[in-house]
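Chains A and B are the protein sequences, given in the same order.
For the first sequence, the working numbering begins at 1 and goes up steadily by one.
For the second sequence, the working numbering begins at 1001 and goes up steadily by one.
Read the hints as simulated data drawn from the structure, not as lab findings.
We treat Cβ as the ideally placed atom computed from N, Cα and C, and that holds for glycine.
Among these hints, one or two may not hold up.
[Claimed, not checked] DEER-style ranges, computed between Cβ atoms:
1) B/1359 <-> A/46: 21 to 29 Å
2) A/113 <-> B/1411: 24 to 32 Å
3) A/193 <-> B/1369: 32 to 40 Å
[Claimed, not checked] Per the computed footprint, the stretches of chain A lying under chain B, defined by three or more beta-carbons under 8 Å from a beta-carbon of chain B, are:
4) 40-50
5) 68-76
6) 107-119
7) 187-200
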Amino acid sequence: MELLEFARGPALALSVAVFVLGLAWRFYSIFRRPVRADYSEPRRSDTVRGGLRAVFTKMLPPRNVKVRGVAMANAYAYHIGLALVAFAFAPHIGFIARHTGVAWPALPDPVTYVATALAIVGLLIALLTRLTDPVLRLLSNFDDYFSWCVTMLPLVTGMALIPIPAQPVWLAIHLLSLELLLLWLPFGKLAHAALVFVSRYRTGADFARKGAAT
Amino acid sequence: MSDIDARHPLDFDAPRFGIKKPEVRYDKQGDAPDGERAASALRAFMRDMTRSAATYMESCIHCGHCAEACHFYVTSGDPQYTPIWKLEPFKQAYQREAGPFAWLYRTFNLKKEVTAGELREWQELLYDSCTMCGRCTLACPMGIDIAGLVAQARHGMFAAGLVPHELWAVGERAEREGSPLGATPKVLKERIEWLADEHEVEIALDRAEADVLVTLSSIELMKYPASLVALAGILNRMGVSWTFRSDGYEATNFGLFSGNFDWQRDMSLRVINAAIASKAKTLVLPECGHAYGAMRWQGANMLGRPLPFRVLHISEFLAEAVREGRLKLKPMQGTVTFHDPCQVSRRGGATGAPREVLAALGADLREMPPAGDANWCCGGGGGVVTLHRADAHRHRAFEIKMKQIETTGAQRLATSCSNCRLTFDDGQAHYKWDRKMESLLELVAEHLAAPA
C-alpha cells in the first residue's frame, strides 16, 4: 500500500474513530460524576441563558481584570489563524466535502496563507513564552509541549504542499500529521476545543443562579 | 563571634546559582503516619469530585492568566502563587483516581500518588496564599472556578490533619463553644446588656418569635460592638419585629475556612434551627463576607432542603428597606469609596445592594479602579487574616488596596464586612496609614432621618 493510500484510508478512519470515541469517553467520564443538589434559593432563574452567555463572553478579554495582554493577543492571533486555515482554505473544504458532503465558500488563497503565517508565528511566540515565563514553565508538562508539536506539524507539512504540483509523499505526510492531531486531541489539553463549552457553561450557569458576574 | 545552627551545615563548595528559601512552617493535627494522612486526604478529595469539579479539572489549558488576577502572585511575583497551581495535588489525585484515563495513569504511574509531603508543602498555598476571593475565576478563559476548588481541596487537607494551627484552633473552638473568638452565649448576653445600657438602645435577645432573626460576626461583638448598636438602632427605628438568639447568633463559619465539612454543617445548622424556632421570615446576616456565602448559598445544602426563610446580607436588607421606603436616611457629607467584600459581591451576587444604600445616603461615591465584581480582595479573607505566619504576605497584598483607595481620593472608606475591616485596621497599623475603614451599617445608623 502506498503511503498516501494508507493516510487516506485506514489511518484516517482510525484517527477519526479515536478522535470521536476518545472525546466521547472524556465527556462521559465527566458526566458520570455525581451532581450535588443545590437547595439554595436562586437569585435568578435564567441559568441556561447565563451559561450560554458565559460561553460567548469569555471569548472576550475579561472586563476590569488585567490578564497577560500580549499572550492573550497572541492567542487570538493563532486561534483565528488556525481556524481560517483549517476551515476556510479551499483544498481543506474540498477534503471535508468529499468525506461529509458538506461544503461552504472558501477564502482566497492569499488570505489563508496570511492566516497560516499568523498561526505559525503565533504558535512560535506561544512556545517561547511557555519556555521563558516562570509561571508558564511551572504549570507546563508533557501535554503542553506535545500538544504544541501536533498542532504545529500540520501547518509546517502543509507549507510543503504550496509548490505545484504537490508531491504525493508530502500530501501523505501532511494528512498523517493531521491524523496525529486527531489521535492526540481527546487525550490532552487540545480537548479544550470541546471542553471550553462545558466549563464556561457550568460557571456561567452557576454564577447566574447567584446573580454573580462571570 | 558567630554561632552556627548545626541543623543547617555550612557548604562552601555548593554552586551559588540561587538562594534557597527558608523552610516553610506547616502545622499538623494528630499523630497519624504519613500514609494514613495521604489516604484520608485522597478519600476527601474523591468525595468532592463532582461533575463540576471534574469539568474544571479537565479544562485547564495552563495559560497562566489567573496569576495576574491574584493579589498574592502580583505582589510577590512568585509563580507558585499562580491560583491553579495551588490545586496541583487535587488535580493530580483527580487524574490518577477519577479522570477518564485514570487507569492509564495508575498502571504506568504517569501521575504519582499524592503524598503527605506534597500536602504539607501545599498547606501554605491552599491556606496562607488564597483568600478564595475568586478574582482568578473571572480571569480564567475556560471559566474554571478556582476559588470553589480551593474550598474543596481544603476538605482533603483537613482530613489529612494538615491545617494551619490558628485556623484549626478557632474552628475547633467555634464548634465547641459556638464562637471562634470566645463569644459564648454567656458573653453575648453580658455584652448585649452592657451595650444596651451604655448606648440606651433596646437590643432584642431571645424573643420567642420574631419576623427577623439577626445574626452577628463575633468580630463585631468583640472588636466593633458599635455595629451591633447601629443595627439595633436601625431595626428599632424601622419598627421591625426582630431578635438575636443565644442558640444561634454566630454567622461566621470557620468550619468552611478550615475545611471541616461537619463543623461547617453544625455551625450553619445552629443558626438555621434558631431561625426555624423563632418562626423568622428573614434571616439577616451580619457585615461578614464568608458568612454570606456559607448561609446564603450553602446553608440550605447543609440542611438538605430549601430554607423556610429568606437569607439576606445586611446590605441587602438595608437596600430593600430603602427601596420600599421603610428606611429614611439623611444625606451624608463628603466623598466615600466602597470596598466590596468578595464573598458578598463577586461571589455572592449582591454587588448592587451597598451601592443602593450609598445612593440613598446621597453619597458622593468614588469607585476604586476596578470596583464591584472585579474589586481586589483586602487579603484577609478565607481565614488568611487569622494566620500570623502569613502576615508579611498579606501586608504585601494590602498595598494594592491602599493604592486603589488613594487613587479614588475619597474622604471616607466603607465596607460591609467586619473581617475586611479587621484586615484594613491591621494594614493601617502596619503601614501607619492615615485612612480608616468604616462600616456601611454604622454609616447608615449615623444618618437615620428623624421620624416623621
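Evaluated hints:
For residue 1359 of chain B and residue 46 of chain A, the Cβ-Cβ distance of about 26 Å falls inside the hinted range of 21 to 29 Å, so the restraint holds. A hinted range of 24 to 32 Å for the beta carbons of residue 113 of chain A and residue 1411 of chain B is inconsistent with their spacing of about 60 Å. Between residue 193 of chain A and residue 1369 of chain B the beta carbons are some 35 Å apart, a value that agrees with the proposed interval 32 to 40 Å. Beta-carbon proximity to chain B at under 8 Å applies to 3 residues in the region 40-50 of chain A; the threshold of 3 is reached and the given coverage holds.
With 4 residues bearing a CB less than 8 Å from a CB of chain B, the region 68-76 of chain A meets the requirement of three and the coverage assertion stands. Counting residues of the region 107-119 of chain A whose beta carbon lies closer than 8 Å to any beta carbon of chain B gives 0, which falls below the threshold of three, so the coverage claim is violated. Coverage of the region 187-200 of chain A by chain B holds. Counting CB-CB distances below 8 Å, 9 residues qualify, and the rule asks for three or more.
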